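So the protein lines, in turn, are chains X and P. Numbering of the first sequence is given in the numbering used here, commencing with residue 17 and proceeding in unit increments. Numbering of the second sequence is given in the numbering used here, commencing with residue 314 and proceeding in unit increments.
Worth flagging that the hints you see were computed from the coordinates, not collected in a lab. Model, not experiment: these values are computed from the prediction. Watch out, some of these pointers could steer you wrong.
With a cut-off of at most 35 Å between alpha-carbon atoms, the simulated DSBU-like pairs for lysine-lysine come out as follows [as the list claims (entries may be wrong)]:
1. P/Lys474 <-> X/Lys101
2. X/Lys22 <-> P/Lys465
3. P/Lys465 <-> X/Lys23
4. X/Lys132 <-> P/Lys406
5. X/Lys23 <-> P/Lys474
6. X/Lys132 <-> P/Lys465
7. P/Lys465 <-> X/Lys27
8. P/Lys659 <-> P/Lys672
One side only, chain P facing chain X, incomplete, derived with CB under 8 Å [to be verified]:
9. Asp483
10. Ser484
11. Asp561
12. Gly576
13. Arg577
14. Arg591
15. Thr628
16. Leu678
17. Arg679
18. Pro687
19. Leu689
20. Leu696
21. Val699
For every residue, glycine included, the Cβ atom is placed at its ideal position computed from N, Cα and C.
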Amino acid sequence: MSRTLKKAQEKWIQFRIESALRAGETQNLVVNLALIGRMNSTEAGRLVVFVETFRDALLIRILSFISVIPRGDVIVVRDRSEILKIVREQTGRHGLSVIASRLFLKYYQHLIEARKSGSLVIV
Amino acid sequence: MKIIKRTARVRPKVSLILVDWSVRESFHLLHYLSRQDVARDAFEVVVVEFYSRVSEAVRKFEDQVDTWVTLEMPDSCYYHKHLMYNAGIFFAKGEICVICDSDAMVKEGFIRAIVTEFETDPQIVLHMDQFRNTRRDFYPFCYPSFEDVIGKGCGNNVGGKTRGLYSSEDSIHNLNYGACMCARREDLIAIGGADEHLDYLGHICGPYEMTFRLVNLGRRETWHQTEFLYHTWHPGQAGENNYLGPHDGRHLSTTALDALSSGRTMPLIENESIRSLRMAAEPTFHISPAYASTWRNDTLRLNQLRADSCSASETWRGFLIERTADGYLGYPLIVRQPAFSALREKLEVRAATIGELRKKLVDSLRNRTRIALPGLILASYLLQAVGLALFLARTRLRRVIVSALS
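Hey, can you work out the whole structure from these sequences and the hints?
As structure tokens, then:
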């Protein structure tokens, strides 16, 4: 097998694995948000959901509009400075922040403390 | 297990753990360790071989080796680096354990840099990144200069620092977590040592699995900003034709990543000898006899890139499914987080078969969610397809623009 073909095959396998994991993660996020809604855990404060892409944000907004998941803010995080700002802001408020695990893993060094405090939930 | 050599050094500060599974052609790190600017008694070298081979590459630098152990695992058994890490931790006498590449180059201040970092803050897990050079003319290893390694052929040198250190996001994929990891031996024992689960068999493994659990324990992950390792090309460096456990598509263990996001501190399978050390007993190093059959070569599919087969637990539509002695157990992912851990018992579902459990888990959802679920699954895959289409469109567009400009 030529080197180019082998590389293309590796890239394709990588894409397949990554997209399967991403799709699974979207499902995880929605199902767990629905469970949070059922448990009325956000009565004490507002719910904020952090996602990685506008597509995920759109899906969550649609599902909250039809009341499958509780209403709250959906924030798309594009870079590190944004996540630091948001976490700082969140820690000062009463409420629950939910973050997709893929996004958490991207910035985990900055988010460990927020998780320990219980204000950040990783799904 | 056979001990070929045992150290006479009484209280070294640092223990370097070097592992081999009868593949290493060169242990030239030992050459660079003989040139350190600290007293030789400040550190020891522990070499652990998975099979029975007495490596000529180690023999060449035998005077630098303090402890040399062969685990004598049968040839029919596939290699598991984490078992070797545990053997290294067990035999180490130093306060700080260092797990690093044995075929890398280090500068004279390498050991001093590690000691200084831990003196400044003992509550850390320290990593060092690696410059990697792809030039084939350095193979077989011919002791190039450090300048040569970071020069032509080095893909990650950005102004004297590795590219990963400049990157402000996704450090997990941009930094080399397997190059060099340093942690206090006491801390490594407290987290139960390296995880000996089947998911880490073969190429998808590394000390980062312990780093993530140490971070969950409260240790601060830090990357040295001025001290690096230097690696030159050799055949098979990317794990070609190796067995691959579950990974994220970029060769990072999904089981280790899950440990980080769930906050888990203990391994899924703890080494018995490390557990005894944790319980303050004085054991001998013990290898589970069951590994000879569960790690057999002929039961594995070599060179298969797989996402989730043989995994410790399975994530299914927002729930985590685990196998128990009498069937299956499932619970929503949120109960692993501190905010919802108290609800675990209430939300746990048990069943004898996986099919039954999945049905029960779906039934535990509200009607509206249940109805929306098939649509959601379809939507999540469609969103990924849109992502691919956008990516391809962008790439095509870029090509068109570039060709139009040129």
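Interface hint compliance - P/Val699 to chain X, C-beta minimum distance less than 8 Å: holds, 6 Å
Restraint status (C-alpha distance of P/Lys474 to X/Lys101 at most 35 Å): The given pair, whose Cα atoms are some 27 Å apart, holds under the 35 Å limit.
Per-residue hint verdict: P/Thr628, partner chain X, C-beta under 8 Å: holds, 6 Å
Interface hint status, P/Leu696 versus chain X (Cβ within 8 Å): Hint on P/Leu696: holds, closest Cβ of chain X at ~5 Å, below 8 Å.
Residue hint P/Arg679, partner chain X, criterion CB-CB below 8 Å: Constraint on P/Arg679 satisfied, holds at 6 Å.
Evaluation of the interface hint that places P/Leu689 against chain X, nearest CB under 8 Å: holds, 6 Å
Cut-off 8 Å, beta-carbon criterion: hint that P/Leu678 touches chain X: holds, 6 Å
Given hint P/Lys406 paired with X/Lys132 - CA-CA distance at most 35 Å: holds, 33 Å
Status of the hint placing P/Ser484 at chain X (closest C-beta pair under 8 Å): At 7 Å from the nearest chain X Cβ, P/Ser484 passes the 8 Å test, so the hint holds.
Supplied contact hint for P/Asp483, tested at 8 Å Cβ to chain X: holds, 5 Å
Distance restraint between X/Lys23 and P/Lys474, which requires alpha-carbon spacing of 35 Å or less: holds, 28 Å
35 Å limit on alpha-carbon distance, applied to hinted pair P/Lys659 and P/Lys672: With Cα atoms ~17 Å apart, P/Lys659 and P/Lys672 stay inside 35 Å; holds.
Consistency with the previously given hints fails for numbers 6, 13, 14 and 18, ordered from lowest to highest.
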